[in-house]
Structures are given as C-alpha cells and as structure tokens.
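Peer 1: Given next are the chains, with one letter for each unit.
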Amino acid sequence: MANIIEVAGLNKTFRMSSKHEPVRALDDVAVSVREGSCMAVVGESGSGKTTLARVLVGLETKDSGEVAIGGNPVTASLKRKEQRSRARAIQMVFQDPNGSLNRRLPVGSAVDEVLRAHFPLTAVQRRERVAELFASVGLNEGHAQSLPSALSGGQKQRVAIARAFAAEPKIIVLDEAVSALDVSVQAQVLELLHELRRDKGLTYLFITHDLSVVRNIADDVIVMRRGQVLERGPVGDVLDRPLTAYTRLLLECAPKPGWKPRRGVIEHLNSEIAS
Amino acid sequence: MTSNESAVLGTQPAATPQRLPAAAGRLTSLRRRLGWVGIACAGIVAVVVLAALAGQFLVPYDPTVGSVTQRHLGYSAEHLLGTDQAGRDIFSRLLAGARTSLIGPLIVVITTAVAGSALALAAVWFGGKTDAFIGRVLDVLFAFPSLLLAILGVAIFGPGIVTASIALAVAYVPYSARVIRSVALRERNLPYVKAAELQGINGLTITLRHVLPNVWTQILTGSTINFGYAIVDLAALSFLGLGIQPPAADWGLMISNGQESLQQGFPEQSLYAGLCIVVTVAAMAYIGERLGGRAAAGRSKQ
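Sequences listed follow chains A and B, in order.
Going by the UniProt record's numbering, the first sequence opens with residue 1, and the numbers climb by one from there.
Going by the UniProt record's numbering, the second sequence opens with residue 1, and the numbers climb by one from there.
A few of these clues could be false.
Calculated pairs, PhoX-like style, for lysine-lysine (alpha carbon to alpha carbon, straight line, at most 25 Å) [claimed, not checked]:
id, chain 1, residue 1, chain 2, residue 2
1, B, K129, B, K194
2, B, K194, A, K170
3, B, K129, A, K81
4, A, K81, B, K194
5, A, K170, A, K200
6, A, K81, A, K170
The following residues of chain B were derived to be distant from chain A, with all beta-carbon distances above 12 Å [what the hints assert, rightly or not]:
id, residue
7, F142
8, L198
9, I201
10, N202
11, T205
12, I206
13, L212
14, P213
15, V278
16, A285
These are calculated hints, taken from the structure and not from any lab test.
All C-beta atoms in this analysis are idealised placements derived from N, C-alpha and C, irrespective of residue type, glycine included.
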C-alpha cells in the first residue's frame, strides 16, 4: 500500500534564549506510514515525538526537510483554504482533554462547530451527526449538553476523539491520547480506537511512552531519542529483538507484573548508551 | 437575625440546612454572591436607575425652571432639599440629573468595552505585526491623561453629553484593551484554541465563540469599575462646562453651579450632588469588585 505520510530529512531546532544551547528537537528524521496502518512513536520526554506530531499537523514550522501527507507537501500556512483542507486530511487528539476542550462550551457544540466548518449540513442534520459521533465513541446524546467539567477524564477524551473524527480525516495523530487515563479506561479507549480504525480504514500516528500500549495497538514503531530516530520496524521485531541499547533500556524500564527495580541493569544500559 | 448578622461579619456564609421557598432561596444565593453590603449597594444602584428612568415623572418641580424670589431656601416640606441660586428645587434637579449622570457613563462603558475588546482580541488573534501596531497606537493614547484627551475631543467636536462620553471612551480604551489583551493572550495559547484551529475553524469564529466567553468576566468587571471612573470624569467635564450644558440637570454640573453659592454660605447644592456621585460610584465599585472577584475565583466551579 502507498505511504500516506512521508517525512524525510526533517529538522527542527528550538532556541529558548541566547543563554541556553539551542535544542535540536528533530534531527534528520525520516518516517513513512502506510495507509491504514498504525505507527507508534515511542521515546522518553524531550525525545522529539510531540514535535514531530506538531509539525505534521502544522502547529509547528519545520526548519528544513520534506513532509508530505497523501502526496501533498505540508507547510505551516495561515491560508484559510489550506488549513481547511489539512483539517480534512489530518486531525489530532491531544494529551490533556481538560486543556483541549473549551471549559465554557458544551461538548456537543465543540463537535458541532467542526461539522459546521466543513460540511453543508442543516442544524437538524448536524445534531443527528453529533449524536452519531457521540454514539460511536460510547457516549449518549445527553452528554452533548454537558460542559467538560461535568464529564470524567475518559468521557472527555472520548469527546476529543469524536471531535477529531468529525471532520472525517484520513489520519489521526494521537499525542499521548490515553496516557492521562487510568488503566481500565485506557483499555476501553484503546479498544474503541482499534474498532474505529478497522471500520473507517484510518491511519494512526500513535505517540506514547507506554510500550504495553504500543504492543496492543500499533503495527509499526519508531523509537526516538534526542530528536533522532534510533530504530524502526514492525512492533514484534523492535520490541522483541531490540537492536539498540536505548530500546532495551526503555523495555527494561517499562513496569511489568512482578517487576522489581534492578539498578545494576539500568546503569549498565545507560553507560552503554553513553559510550 | 443572628445567622444573618454572622453572614455580614464572616466572609463564608454558612450553608442553610433546611429547604427554603424559591424566593428565599434566590435571596440566599444573591447574598452569597454579594453579601448584605452588596445587596444594599444593589438597592442604591436600583434607586438611582429608577430615578434615571422615571425621575422626570416623579419630580415635584420643573428642574430647569426657577424663581428669583425663592433663591437659596433651606430644606422644608415644600422643597425637600431646599433651592439653588436660581430658585430651582434641588431635589427635583437631583432626580432629573440621575438620567444624564447615568447615560453618559453608560455610553462610555459600552464604547470602551466594545472598542477595547475588539482591539485586544484582534491583536491577540493576529499577533506579530498587528499586535505590535495596535500596541503602539495604544501607547500613544496612554501618553495623554484621560481627562486631557477627553477635553481635546470635546474641543474638536463641541461640548455635549455624547461627544464628551465618546471622547472619554477613547481615553479609556487603552486601559481596558491592555487588560483584556493579557487575559486573551493566555487563552490564545491554551490547547483548546489550537485544537479548534486544527479543526479548520476560522479565526473569527474561534475568537467569538471560544476566546470571548472566556475573557467575558474581565470585560464585565472592567466595565463596572470604568463606570465609576466615568461618572467622576464626566462630572469633571460637566464641571468644566464641557459636558452637559445648563440649564439641564446633571450632578457634575450641579457641583459646578454650586460653586458661588458655596462661597456665599449655601453648600447644599454642591454637597447633595457630590454625595449622590460618591454614593453611586462607591455602590457600583463594590458590586463590581464583589462580582468580579467571585466570578474569577469561581471559574473552575462551572
């Protein structure tokens, strides 16, 4: 199948101030995502995975490199038309549903306005569509009238997912979308995401630091550290037969049943990475 | 009455245990928001507003017509607060003056809120050069004392309540725009605004539907506080003869008219008009403070 996301030689440097060293958030990054697959991006905090996502959706400008979505080059542009067409192609679910939903807007209206921006529907049709979208993420119509504060964390994230689906994009970027949820809710949302992908033939870019989640949902994975892609491949290969010490460290650090901290191993792996 | 008294003294009124009838319940929620002092202030404002609306029908005498034989009368059953230097009934003039004394500030506050919000929200949404340009223009306005700017406006467009009010509003805009800009800027950078942008919703819709409701509290609080300033500043303009023109009744104008009488030992006119201004402004300011503080603090409660 064709690659729906194609990223090559992508660079991005943040300059905080003259006092600080500039931070290379993305260092010659190349990623290809097949249409209809789920690509996981893992790495520690500050590894550049969120920056990659933000460049892809156009929240951040790239310094250099090629980014193409569905064959069209991506630029961070203020042009209204391009923003709209990009919104139809790629959507993002943010980590924190408390921040990504307007606290004074009923959640149904948040989804409604996306429909209004993209489709020529009447008010009644939009209301039906909102109910449909809410039903598809396991919420009922009554939730549409609520303010975000009246919903639980899991419900809010479901709303955020429904909103991301509203514009009917081909790609959804999930930036730590389930990380803030507790484990049982996490499982429900992952299941939901899996079903939605299967039903609609979507492509996911799934950003997480949680390797057990990666095993559950992703087909392929890339491992990032300090803005560079260290390792890439099918989930089974990378997680079961890691090539780099860093990936082994990540796997070693992931809590498992019966896990006990083993200082020696982690220090050994750390020194191996440093060398 | 003891529980009520404790509510006046303590800042946290205790929750009422038993269910109250609807009217009493409403009073309780009002008391929680304003406190008893606030309710008294609201009462004062209500009286002033009533005077502004119906004053012209309630006045015992024509506020603009005097009598040379009735100058500087003391208070009596006939003339509740006495008469001024032209023999006009002071009580009638105070009642009639409430209208102009409120309409002017109302024009100022609405113009300021609309223009200030529009500039601030435009600056925040477009950022960059637009923000810098609006900022510089406001800086220039800042350089002039507000009353001086208002006098300049009146000098150009002629005296009168509307020109004076709009000129004053121009002078107030930088202050309100600066406050609203800072609050709106914080909202602009929150993820929900980015999320709406990503969803392909246009800037105007995001500004009006997302940013504006979240800075509304600041706009409202600022307006109540501006209202107090505007009453005082417009009274000052009237005092200088640049606002409302005699013989119309206006509190600021009455203070000005009372100047000579003051020297002759008849302070009533200036005193009562000044008292009206002080009490109204204080009541407004208290309510604004109370509502603003509450709304800002109770934001997460919603």
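Peer 1: Which numbered hints are broken by the structure, listed smallest first?
Peer 2: 8, 9, 10, 11, 12, 13 and 14
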